[in-house]
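**Q** Listed here are the chains, written in short residue letters.
There are 2 protein chains.
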Amino acid sequence: MGARLKVSYRVRGDASSIEARAEAIALEQSVETPLTVIRDPKILSEIVGRVLAISDLGDGWFDVLIELAAATVGGDAGQLVNMLFGNSSLHEDVRVHDVVLPDELLAAFKGPSLGVDGLRLRAKAEGRALTASALKPQGLSAAELAKLAHELALGGLDLVKDDHGLADQAYCPFADRVKACAAAIRAAAAVTGKHTIYAPSLSGSLADMEREIGIARDEGLAAVLIAPVVAGFSNFQALRRENPDFAFIAHPTLSGAAISPAVFAKLFRLIGADASIFPNYGGRFGYSPATCTAISRALLDPVAGLAPSLPTPAGGMTVQRTPEMLDFFGRESMLLIGGAILAAAHGDIARETEAFVQAVVEHRY
Amino acid sequence: MGARLKVSYRVRGDASSIEARAEAIALEQSVETPLTVIRDPKILSEIVGRVLAISDLGDGWFDVLIELAAATVGGDAGQLVNMLFGNSSLHEDVRVHDVVLPDELLAAFKGPSLGVDGLRLRAKAEGRALTASALKPQGLSAAELAKLAHELALGGLDLVKDDHGLADQAYCPFADRVKACAAAIRAAAAVTGKHTIYAPSLSGSLADMEREIGIARDEGLAAVLIAPVVAGFSNFQALRRENPDFAFIAHPTLSGAAISPAVFAKLFRLIGADASIFPNYGGRFGYSPATCTAISRALLDPVAGLAPSLPTPAGGMTVQRTPEMLDFFGRESMLLIGGAILAAAHGDIARETEAFVQAVVEHRY
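Chains A and B are the protein sequences, given in the same order.
When we follow the working numbering, the leftmost residue of the first sequence carries the number 435, and every step to the right adds one.
When we follow the working numbering, the leftmost residue of the second sequence carries the number 435, and every step to the right adds one.
No lab work stands behind these hints: they were computed from the structure.
Same chains, same names: a pair is fine if it fits in one copy or spans any two.
Computed list of lysine to aspartate or glutamate pairs in EDC-like fashion (alpha-carbon distance at most 16 Å, straight line): (1) Lys-581 x Asp-474; (2) Lys-440 x Glu-538; (3) Lys-476 x Glu-578; (4) Lys-628 x Glu-560; (5) Lys-628 x Glu-788; (6) Lys-544 x Glu-676; (7) Lys-440 x Asp-497; (8) Lys-581 x Asp-782; (9) Lys-613 x Asp-652.
Construct all of the structure, not just a fragment, from the sequences and the given hints.
**A** Encoded structure:
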């Protein structure tokens, strides 16, 4: 028998019908026909999804463990999410809780090219967590964003990224923004001696993103932010493959609540995110500390052949929380504080950034 | 003030906090910062999302109507879904219920190239609904799928599509499948005189899909199936633009339950789906007749500058239900019956297909 994925689905239902529901999901996510029409014994034994276990979790929820054939996925990340959840996503009461990929699939995907070590090396951040912030709000011109990038870089950040909403808008075209911000960050580096990584946000079709990454490259940049769910997983994969020297930061926008954040973390790592952003507990999103731990583990736990991806908690964080976040996430993380730095007292963004950077540098793990 | 989208979100919450929740969504989907950090009055007036109305729907659900600036979207479909739902999708208790796009955005997107009339013309199906079926199950070889395509085409269908799970798997590579199935359908047409449209399913990155569409074109085909959520909306848009002579069939896989099916229908039409597949009521999915009506209206209702997209109900339909489905959807529809035809008595798929086609042709609306 060929290699198989194991997928844990969470299904709301009742005990009397859960076996039928589980079988229906196994069919929907594999052959998408009634079993009766399958005449080929090899398809029955190799391709049809198989229910391995059903556990009653209480409160009307069940865990349904299903095995799917890796051969239906091949090496394409879009097809992987299609087979994982595709049509079953249309059911309100089915979610993807976890997935375990066989070695064959892990090998077909390459994972991060730089990973945690590579990013840390570029940031010269040995032995400590990394620091990051975001260029926003939406609506600023390229020159205004560049001014902000300059202040953030003066503060000594490891990484500045575009907000994921910055695209190629008429009031701030991608090329103008990237040129202005790259120059601003170079100017800051000339003052501080610290080289801040700038990661512009890519958007549009694969062809658009390839053009954008070319602009970034021309500006001497070597990092980008991409939202895999918006871009399409296969396109993230293609860009990763085409640009092995770039750092790829994955943004979770549009990832929804029906696939668990830890599964998204696994997928982002699988397709090559060197760092993966997620909403930290205690911020604007409802993630629990346990969820954040599960995400971190999905990004960092040893997996044969896959470099780790840097956990990047974000979403309404404050400089004051730095010690607590570092106690929680440890040095294998990148703290991303956006709005709270922009809200700095007296508009002194460089000073607020410095305080953030200092808190990270001085932290004892 | 620039053009604006109106988005209706459904939010679970309580009356005491719903105003704050609504404001938070308006910020999250526009500037993604606290209002206090925005110093530019033009951003405050033009770019920040604005809560227009909040209605208590009972049972702890509220409708929150928010206006977003069309300028943040530009003409890119990926950015449209990012601005519609992006980070807010991470909240379990927020959904997108409806969206109304301003004329400026409708004009930026082009909609279907063929639309309902163009598809009908190609199918020579004047005055009636269209008929379709799917090649499956996953796991069959190219030759086996071609045999099936031949039988379905002999039955006189208007359209045969690949199952959305068929990708570029080792056991059935795209090129082999498309060549074999296209030849089989040509052979059937030589017998029946009826030209069945064959729509292979594209997968992978935009570059992969461009290569695949080239293979389809070389085989004399002019239709494809694409899953916009897997492919990325911007890539669907790019392919549509590059291939104005092709019919594009959109598949809803992975579209989830957090954006309403009617909104997906609007988006599929906007980005150029000539036909849009959705789960019919009374099948394997839990959609109600009212939901199906909302989907159909989203695809068919007059919209300035946008051709209609053919409603294509599917998902566990049977030939026996044909009259009822046609009474419900009318002639502006394409009925898609997959598994039930494959389950034909005595394996006589051509005869079962003929019965389906005849039921559609003879129906009186």
